Amino acid sequence: METIKKYLEAMFANLPRTPEVVKAKDELWQMMEDKYNEMISEGRSENEAVGTVISEFGNLDELAETLGLEQAVEESHELMETTPRRQLCMDEVRDFLHAQMARGVMLGLGVMLCITCSVWVIMLSGTFLEGIGVLLMFIQVALAVGLFLFSAKRNAAWKYLDKEPCQADFATTEYVASEKDRYHKGLIGQRSLGIILCATSWVPALVFDTMGLTNHFIIDNLIAAVLLLMVGIGVAMIINSSIVRASFEKILKINDEKTMSSRYVEAQKVLYENPRLNDIMSVYWPTVTCIYLSYSFLTFNWGSSWFIWPIAGIMHSMIKRRMGMVKQG
Amino acid sequence: MVEISSDVIRGYNDTMILYILRQAPSYGYEISKQIKQLSDGKYIIKETTLYSAFTRMEKNGYIESFTAAPEADGSGKRRTYYRITGIGQQYYNEKCEEWNLTKEVVEHFITADK
Numbered sequence: 009m010e011t012i013k014k015y016l017e018a019m020f021a022n023l024p025r026t027p028e029v030v031k032a033k034d035e036l037w038q039m040m041e042d043k044y045n046e047m048i049s050e051g052r053s054e055n056e057a058v059g060t061v062i063s064e065f066g067n068l069d070e071l072a073e074t075l076g077l078e079q080a081v082e083e084s085h086e087l088m089e090t091t092p093r094r095q096l097c098m099d100e101v102r103d104f105l106h107a108q109m110a111r112g113v114m115l116g117l118g119v120m121l122c123i124t125c126s127v128w129v130i131m132l133s134g135t136f137l138e139g140i141g142v143l144l145m146f147i148q149v150a151l152a153v154g155l156f157l158f159s160a161k162r163n164a165a166w167k168y169l170d171k172e173p174c175q176a177d178f179a180t181t182e183y184v185a186s187e188k189d190r191y192h193k194g195l196i197g198q199r200s201l202g203i204i205l206c207a208t209s210w211v212p213a214l215v216f217d218t219m220g221l222t223n224h225f226i227i228d229n230l231i232a233a234v235l236l237l238m239v240g241i242g243v244a245m246i247i248n249s250s251i252v253r254a255s256f257e258k259i260l261k262i263n264d265e266k267t268m269s270s271r272y273v274e275a276q277k278v279l280y281e282n283p284r285l286n287d288i289m290s291v292y293w294p295t296v297t298c299i300y301l302s303y304s305f306l307t308f309n310w311g312s313s314w315f316i317w318p319i320a321g322i323m324h325s326m327i328k329r330r331m332g333m334v335k336q337g
Numbered sequence: 429m430v431e432i433s434s435d436v437i438r439g440y441n442d443t444m445i446l447y448i449l450r451q452a453p454s455y456g457y458e459i460s461k462q463i464k465q466l467s468d469g470k471y472i473i474k475e476t477t478l479y480s481a482f483t484r485m486e487k488n489g490y491i492e493s494f495t496a497a498p499e500a501d502g503s504g505k506r507r508t509y510y511r512i513t514g515i516g517q518q519y520y521n522e523k524c525e526e527w528n529l530t531k532e533v534v535e536h537f538i539t540a541d542k
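Residue numbers (the working numbering), protein chains in the order written: chain D, 9 to 337; chain U, 429 to 542.
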């Protein structure tokens, strides 16, 4: 059965994706499947059934004529010769997905290290270990920067996916789609947990405050530290889940949407009516991070500077809703 | 063994399909199976030929398509069924006459002499 499916996929690979072509492929598949099933139920061998179905399929030229596609078929052959697409193989795509998962962990961890770097200073302030706190803070920031640089360097190996036209075959895109489904719930859960952690990070402070325990400096510091840790872990989870999800979508929309070559899934992409806003929004989160770090380092007001994250998140979704258009296939 | 030439039979694929649809609405594989049976396995219609014929005849209004499940109670896979129309019936009759004439003419030139 798989062989027949692959055969049909290969036959249709370079035809334009029009409703007529999609329908023709579905109908032909129906007939082939019926014929195959009947031969199997008659007790023929798998090989015999596959052989018969394929030999009795006919040829696509006949179909191209009926569907008015002679020109399109010719053009697609020409296109294949003039601008060949880089063919991605299964192993390569699997490596890419694994690399992106590692990248998600590294970037998430890096951002978490940045957000929580002042925990040491807060916890050790007022003690004789204050100097060590500052040292640990810088070590943490250095580690984070190291992670950013390392993952950027490793990610550079995959730049060709953006720059060159690529193509992935049917089996590969099916594999990615099934992996995406498999991870779907986990990613949603991770993202939701991340958002909940960020949104509820002030709860410990409130609890201790109502209990009247907030005037002791150790408890105050502890509350601030817990808050930063919650925000840090939450943001790390959001970043990690977004990167992993984006990696699936990248492969799924790598094929030319105009041909039937394989599964094509248009990722939800936000576009802004104002082209300048598109540029601004593409550097939104790095800018926020930059503002956060500069403000915090300049004022050492780490206890409240984290507030920029929820505000930035709300602003982002507001801008998206007001001025953005979601482009969907 | 002599095989049937697709060039010759091309003009009569429509006739065969319409003949089957005159009895009852049917779907792709069922029609190809009947063509094979009625011709004693001497003619097997290719899937692409069959689908091209469906599309062309539907465009010309000879047949109509609809989706249905093969069992009356709605069980089984949903398939695209085709049924013959009034114009299709007329076209079929014309094709029958045309064939009778063609057969008659060609027959004069066929001999069993080797």
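Hints are supplied without guarantee of correctness; some may be wrong.
Restraint-style ranges between C-beta atoms, simulated for each label pair [as the list claims (entries may be wrong)]:
(1) R190(D) <-> A496(U): 31 to 37 Å
(2) K487(U) <-> I203(D): 26 to 32 Å
(3) E522(U) <-> T26(D): 28 to 34 Å
(4) M331(D) <-> K487(U): 29 to 35 Å
(5) K487(U) <-> I322(D): 25 to 31 Å
(6) H106(D) <-> A496(U): 56 to 62 Å
Calculated from the structure, these hints are not laboratory results. Predicted, not measured: the structure shown is a model, and the values here were computed from it. Where a beta carbon is used, it is the ideal one built from N, C-alpha and C, also for glycine.
Hint-by-hint comparison with the structure:
In this structure the hint that R190(D) and A496(U) lie 31 to 37 Å apart at CB holds, the actual value being about 35 Å. Restraint check, K487(U) to I203(D): a C-beta distance of roughly 54 Å breaks the suggested window 26 to 32 Å. The hint said 28 to 34 Å for the Cβ distance between E522(U) and T26(D), and at roughly 33 Å that hint holds. Remark: the range hint 29 to 35 Å for M331(D) to K487(U) is contradicted by a beta-carbon distance near 46 Å.
Between K487(U) and I322(D) the CB atoms are about 55 Å apart, so this pair departs from the stated range of 25 to 31 Å. Hint check: H106(D) to A496(U), Cβ distance near 46 Å, so the stated range 56 to 62 Å is violated.
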